[in-house]
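Engineer: Listed below are the residues making up each chain.
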Amino acid sequence: MYTTELQKQPSKPVAATEPQELIDAFEARVAADEFIEPKDWMPAAYRRTLVRQISQHAHSEIVGMLPEGNWIGRAPSLRRKAVLLAKVQDEGGHGLYLYAAAETLGTSREEMIEALHTGKAKYSTIFNYPTLTWADIGAIGWLVDGAAIMNQVPLQRTSYGPYARAMVRVCKEESFHQRQGYEIMMCMANGTPEQKEMAQDALDRWWWPSLMMFGPPDDESPNTAQSMRWRIKRDTNDELRQHFVDVTVPQAEFLGLKVPDPKLRFNEATGHYQFGEIDWAEFWNVVKGEGPVAKERMHDRVKAWDEGAWVRDAAAAHAAKQHSTRQAAE
Amino acid sequence: MTTASSSAASRPDPALFDYLLRLGDDSLILAQRLSEWCGHAPMIEVDLSMSNVALDLVGQAMLFLDYAGQVEGKGRDGDKLAFHRDALRFRNCLLVEQPNGDFGQTMARQYLFSTWQRLLFQGLVKSTDAQIAGIAAKALKEIEYHADWSAEWVVRLGDGTPESRERMINGFAWMWRFVDELFQVDEIDAAVAKAGIGPARDSLRSDFDAALKSTFEAATLPLTPLPAAVLGGRKGHHSEHLGHILAEMQHLPRSYPGAVW
Ligand SMILES: [Fe+2]
Ligand SMILES: [Fe+2]
Ligand SMILES: [Fe+2]
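Residue numbers (our numbering), protein chains in the order written: chain A, 1 to 330; chain B, 1 to 261.
I should point out that these hints are in silico values taken from the structure, not numbers from a laboratory.
The reader is advised that the hints may include incorrect statements.
[Claimed, not checked] Listed below are the simulated EDC-like cross-link pairs for lysine to aspartate or glutamate, each with C-alpha atoms no more than 16 Å apart in a straight line:
#1 Lys258(A) <-> Asp313(A)
#2 Lys235(B) <-> Glu163(B)
#3 Lys263(A) <-> Asp279(A)
#4 Lys303(A) <-> Glu36(B)
#5 Lys321(A) <-> Asp159(B)
#6 Lys321(A) <-> Glu152(B)
#7 Lys213(B) <-> Glu152(B)
#8 Lys194(B) <-> Asp13(B)
#9 Lys120(A) <-> Glu290(A)
#10 Lys258(A) <-> Asp201(A)
#11 Lys303(A) <-> Asp102(B)
#12 Lys122(A) <-> Glu290(A)
Same shape as in the complex, but just chain A:
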């Protein structure tokens, strides 16, 4: 997920120097589902974890503009072009609110971007897969935005106020994206044989990476318990993944497409779909930066940032000149 903990190591315990009464008061507020605001006292580990989670989410939105941006120029109708442009623009907007939410914790956008570009910060593994046909734009909206919603709806009640409020805005737009993606899939699944083939091929390629978006299985997520206690995570990875499968499989059936999992079957007793084993070796490789187009994604981001430096410098220089002219006039 955009927000999944991609750190394999358990995080360091709370520093012993923090006064116990502050910690207790903080924990009690969080347990009572109160929002923590930027000026409130918070444990250093909470702050660190949040910066990591929110900035990773922001980076995911921004890197996520690339695979879809890849198809704006080739969108097959004017309406599809407009919808895709608006969608990718929304994702940039999500990145912007999320960077702003993370900045309230005392880390600047530049520092976060620097961490992304040096590989210190992560972003969702899903964006390291290529968009090969127009059906991929449908599949991303349907599956990737669909998975993002499942993860983010609970975060509207997350304990950190600015993050929760950002999620409210983001979630509204993500459900639009999901519907638009599904509509593209519908059009193609009911289209010509070639379109149907593209739709099935897109599902074949995006299904497993979408399940991986929910992150490692619960028994390999050492920080889940603490994140849940802090209310910065509200469901476990496996719970969310199961929910996604349960919701999505009938949608695939409705499209007349086949989910690429021979072990998939509905379990009458549990009321859930059982599904096959995820290739966790692939997942950890992608986390490490070895996804099929990870190099392209980082190359594009770093290039945009480096080549934009003169523009940012010029804007700052002009603003400074304006400021001093105004001061001189006063």
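Once you have looked at the hints, place chain B with the ligands on chain A.
Structural biologist: Frame of chain A; chain B with the ligands shown alone:
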């Protein structure tokens, strides 16, 4: 609206059809260029602004090209016109198809286009064709923003640092030869102006020059005489760039004729 479309259906008007293609194609091709930036801009705020401008332009293109199809009366809609015409049939000005270059070059192109488009649409809102007047009224609000936004960037980059100043000058240097085409009057424009459908293009020149003068002063940039004009877009004789733009834009609908997306 009803009068305009019913008269369009009863009496196909080749000059109006061509004029609508000019309007629609300008917006479409510039949108196509701007969306190349999407995800690659110097900062997120600029990325959002550029896709916003591109989105407005796609919207304008849809309206003008759909209307062009109605006026033509051969059952073509905006998509048919956008994706199934070749370069010789495109009527956009050469300015909008110019490469993005760096951000300075992109802003030079945007500023010149939007400043001109604002003046043009201020005339189009008074069009005797109700449908054009309606589209223009909606679009003018968007274009005002595009023109102001790009002018602000011209000022920022012109005045910013020695590097940004040089890049801004170079960006304009690429674009100057395509400015005269915006004001060129041919028989289509003459017919359209005579019918009160659109303003006479040459009448926009003095306001355009005045806008440039004031922006360039604020940007501390030198205004020099324009080089020899390059013309041809309105007749379908484009730069080498347009064929590549169309190859990308039209590839899917042309590869799968008859498919609905
Ligand atoms: Fe998003
Ligand atoms: Fe998101
Ligand atoms: Fe989205």
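Engineer: For each hint, tell me whether it holds in the structure or not.
Structural biologist: Hint check results:
The suggested pairing of Lys258(A) with Asp313(A) is violated, with an alpha-carbon distance near 51 Å, which exceeds 16 Å. Taking the CA atoms of Lys235(B) and Glu163(B), the gap is about 38 Å. The hint is violated against a cut of 16 Å. Restraint check: the Cα-Cα separation between Lys263(A) and Asp279(A) comes to about 14 Å, which is no more than 16 Å; the hinted pair holds. Proposed proximity of Lys303(A) and Glu36(B) is supported: the alpha carbons are some 14 Å apart, at most 16 Å.
Pair hint Lys321(A) plus Asp159(B) holds up; C-alpha atoms about 9 Å apart against a cutoff of 16 Å. A hinted pair counts as satisfied when its Cα atoms are at most 16 Å apart, and Lys321(A) with Glu152(B) qualifies at roughly 14 Å. Proximity of Lys213(B) to Glu152(B) is assessed by CA-CA distance (about 14 Å); at most 16 Å being required, the pair is judged to hold. With a C-alpha separation of about 14 Å, the suggested pair Lys194(B) and Asp13(B) falls inside the 16 Å cut-off, and the hint holds.
Between the alpha carbons of Lys120(A) and Glu290(A) the distance comes to roughly 14 Å, so the proposed pair stays at or under 16 Å and holds. Restraint check for Lys258(A) and Asp201(A): satisfied, since their Cα atoms lie roughly 10 Å apart, inside the 16 Å limit. Restraint check: the Cα-Cα separation between Lys303(A) and Asp102(B) comes to about 12 Å, which is no more than 16 Å; the hinted pair holds. As the CA atoms of Lys122(A) and Glu290(A) are separated by approximately 12 Å, the hinted pair is consistent with the 16 Å bound.
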